Amino acid sequence: MNIFFHELKAYRKSTIIWSISLVVIALFMFSMFPSISKDADNFKKILEAYPPVARKALGLSIDSITSLLGFYSSLVLLYVVLCGAIQAMNIGTSIISKEVREKTADFLLTKPVKRQKIMTSKLLAAVTSLMITNIIYIAGASLIAQLVKNKAFDYKIFFLLSLTLFLVQIMFMFLGIVVSVSVSKIKSVIPISISTVFGFFFIDMISSAIGDNATRYITPFKYYDGAYIIKNSAYEIKYLLIEIIFIVASILVSYIIYSKKDIHAV
Amino acid sequence: MNVIEIKNLTKTYGKSRGINDISFNVEEGEIFGFIGPNGAGKSTTIRTMLSLIYPTSGSVSIFGKDGIKYSEEIKKEIGYLPSEVFYYDNMKVIDLLKYSASFYKKDCKKRIYELAEAMNLDLNKKIDDLSFGNKKKVGIVQGLLHEPKLIILDEPTSGLDPLMQQKFFELLKEENKKGTTILFSSHILSEVQKMCDRVAIIKEGSLIKLEKISTLKENNHKSFKIETKDKVDMNYFKLDGISNLEVKENMVSFLFRGNVNLVMKKLATLELSNIWIEEPDLEEIFMHYYEKGE
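Those protein sequence lines, which keep their order, are chains P and U.
Mind the numbering: the first sequence is residues 1 to 266 in the working numbering, read in order.
Mind the numbering: the second sequence is residues 267 to 560 in the working numbering, read in order.
Hint data in this document are derived by calculation from the structure and do not stem from the laboratory.
Only a predicted model underlies this, so the values are computations on that prediction, with no experimental measurement involved.
Certain hints may be false.
Pair ranges (Cβ atoms, derived) [to be verified]: (1) 117/P x 322/U: 40 to 48 Å; (2) 264/P x 394/U: 33 to 41 Å; (3) 187/P x 276/U: 28 to 36 Å; (4) 252/P x 320/U: 17 to 25 Å; (5) 21/P x 295/U: 36 to 44 Å; (6) 320/U x 203/P: 33 to 41 Å; (7) 390/U x 54/P: 43 to 51 Å.
With a Cα cut of at most 27 Å, we get these calculated DSS-like pairs of lysine-lysine [claimed, not checked]: (8) 117/P x 364/U; (9) 103/P x 342/U; (10) 342/U x 364/U; (11) 364/U x 273/U; (12) 392/U x 261/P; (13) 261/P x 439/U; (14) 491/U x 114/P; (15) 187/P x 238/P.
Backbone N, C-alpha and C fix where the C-beta goes; we use that ideal spot for every residue, glycine too.
Starting from the given sequences, assemble the full structure and let the hints guide the process.
Printed below as a string of structure tokens:
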């Protein structure tokens, strides 16, 4: 438990900053909603003037954009999840690599504690940080949605949509962990996480534009389709399963690599 | 009883570094020196002992237990001070030491304050703000606070001022009196000479000599330096047991091992203007092993 609390404390500042930032993004995006919903007809006309490809790339569908849930899933969440993914990948990539970078691995690994236990504590601390982020974000976003709504909306769907933030974050976090145990030394985390996250984000945009379905399996951004959730008020089981398999595989790989890894002097 | 048993330990990396077939034992209660220049494999051996890295072949056993299988258990009784210490920066010294103590299931508070006082360390400063030497002190306290039975030191004195080195050595000797075994790795020979009972000399990844310090110094070599009236031919000193021979004008210096009477007879035939016969310090012996690779 000592490692868990130590790690949690180490992420405290960044968790708070990220959480607030996500709420601020939601606030900023939602602030446009009242004017859009008021002038729904005009806005639809403007959107129709956009080339269809551009509309698709941005994930905008003319019919849904003027409802709160449609606006939320296609505009607000797009940027919230993008930023959240960067946060998650940062944490994931950091938890193991920072010990090497800050040369504290010698301190930690000469203590009477198994490497598996170190990994577990760090993993739980990272997941806890993301959970805290999501609690703050969902609370903030719910409040904002109540303030800007034009008519009542289904809160269950709103909640399910919001929770895709966590689902996507967890995937990027584990991706980060696998990267950090596989590479011997990571000089700086941010370039890795930003380039990876944006890489997947652009795959998402391009595949939306060309309407390619195969890429849905590749990019986590595509796993939880807003339109499907709004329509069925549920996630697509197939993608939930893929995510679970990916998580289990990542845990196995990172535990095995980490417990056998040589920790070199730096 | 052997606290450390290293058998045929080999660790190869892709490149040139590594260690090759190293075997030695460290007995309970001794201060064991481990010397060699930078890059000879000292740290690699130590890191393998602590299962920070895993051996290619061979084994390490500590307290009679396999070093990898029982690593968690063994580490309860090991205090380790790495050559370069870097700790979680945005922590206070006392918080780091408490974090360190939290890994051991005993109350280390009293010991922390004792050690901090002995090392003159301010516990309320942020580690960020400490000088290199003071960080090293944090490392020392961190390594000793749980009263380990085995202390492993990897070049521990760099960055400490001479006064602190003295304090630190006293501290170690005190621990040693209580029965603590100490493995002391260094490339500074004088400190090894001061502290250790036995010494292992490592060169390019292989162990080349394992000897008591006293034996190394006593029965092996004497250092001769003479000044002659006339120039002497180098061949004049071709004698079994003479090594590191240097002739510069009228000055001749060499190391001698063996029956001193033989050398004295040789010297008696020369017209000398001055003579120095000294116990060589470890440095000279060390260079001797290094150059000749005996």
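Here is what the structure says about each hint:
1. The supplied range of 40 to 48 Å is broken by residue 117/P and residue 322/U, whose beta-carbon atoms lie about 26 Å from each other.
2. For the hinted restraint 33 to 41 Å between residue 264/P and residue 394/U, the CB-CB distance of approximately 25 Å leaves it violated.
3. For the hinted restraint 28 to 36 Å between residue 187/P and residue 276/U, the CB-CB distance of approximately 31 Å keeps it satisfied.
4. In this structure the hint that residue 252/P and residue 320/U lie 17 to 25 Å apart at CB holds, the actual value being about 20 Å.
5. Separation of residue 21/P from residue 295/U is about 58 Å and departs from the stated range, judged on CB atoms against 36 to 44 Å.
6. Restraint check, residue 320/U to residue 203/P: a C-beta distance of roughly 38 Å satisfies the suggested window 33 to 41 Å.
7. Between residue 390/U and residue 54/P, the C-beta spacing of about 59 Å breaks the proposed range 43 to 51 Å.
8. Only pairs whose Cα atoms come within 27 Å are accepted, and residue 117/P paired with residue 364/U is accepted, the gap being roughly 19 Å.
9. Between residue 103/P and residue 342/U the alpha-carbon distance is near 21 Å, which keeps this suggested pair within the 27 Å criterion.
10. This hinted pair checks out: residue 342/U and residue 364/U have alpha carbons roughly 16 Å apart, not beyond 27 Å.
11. About 36 Å separates the Cα atoms of residue 364/U and residue 273/U, which puts this hinted pair outside 27 Å; it is violated.
12. A C-alpha spacing of about 31 Å is found between residue 392/U and residue 261/P, which places the hinted pair above 27 Å, so the restraint is violated.
13. Restraint check for residue 261/P and residue 439/U: not satisfied, since their Cα atoms lie roughly 35 Å apart, outside the 27 Å limit.
14. Taking the CA atoms of residue 491/U and residue 114/P, the gap is about 57 Å. The hint is violated against a cut of 27 Å.
15. The hinted pair formed by residue 187/P and residue 238/P fails the criterion: a straight-line CA distance of about 37 Å is larger than 27 Å.
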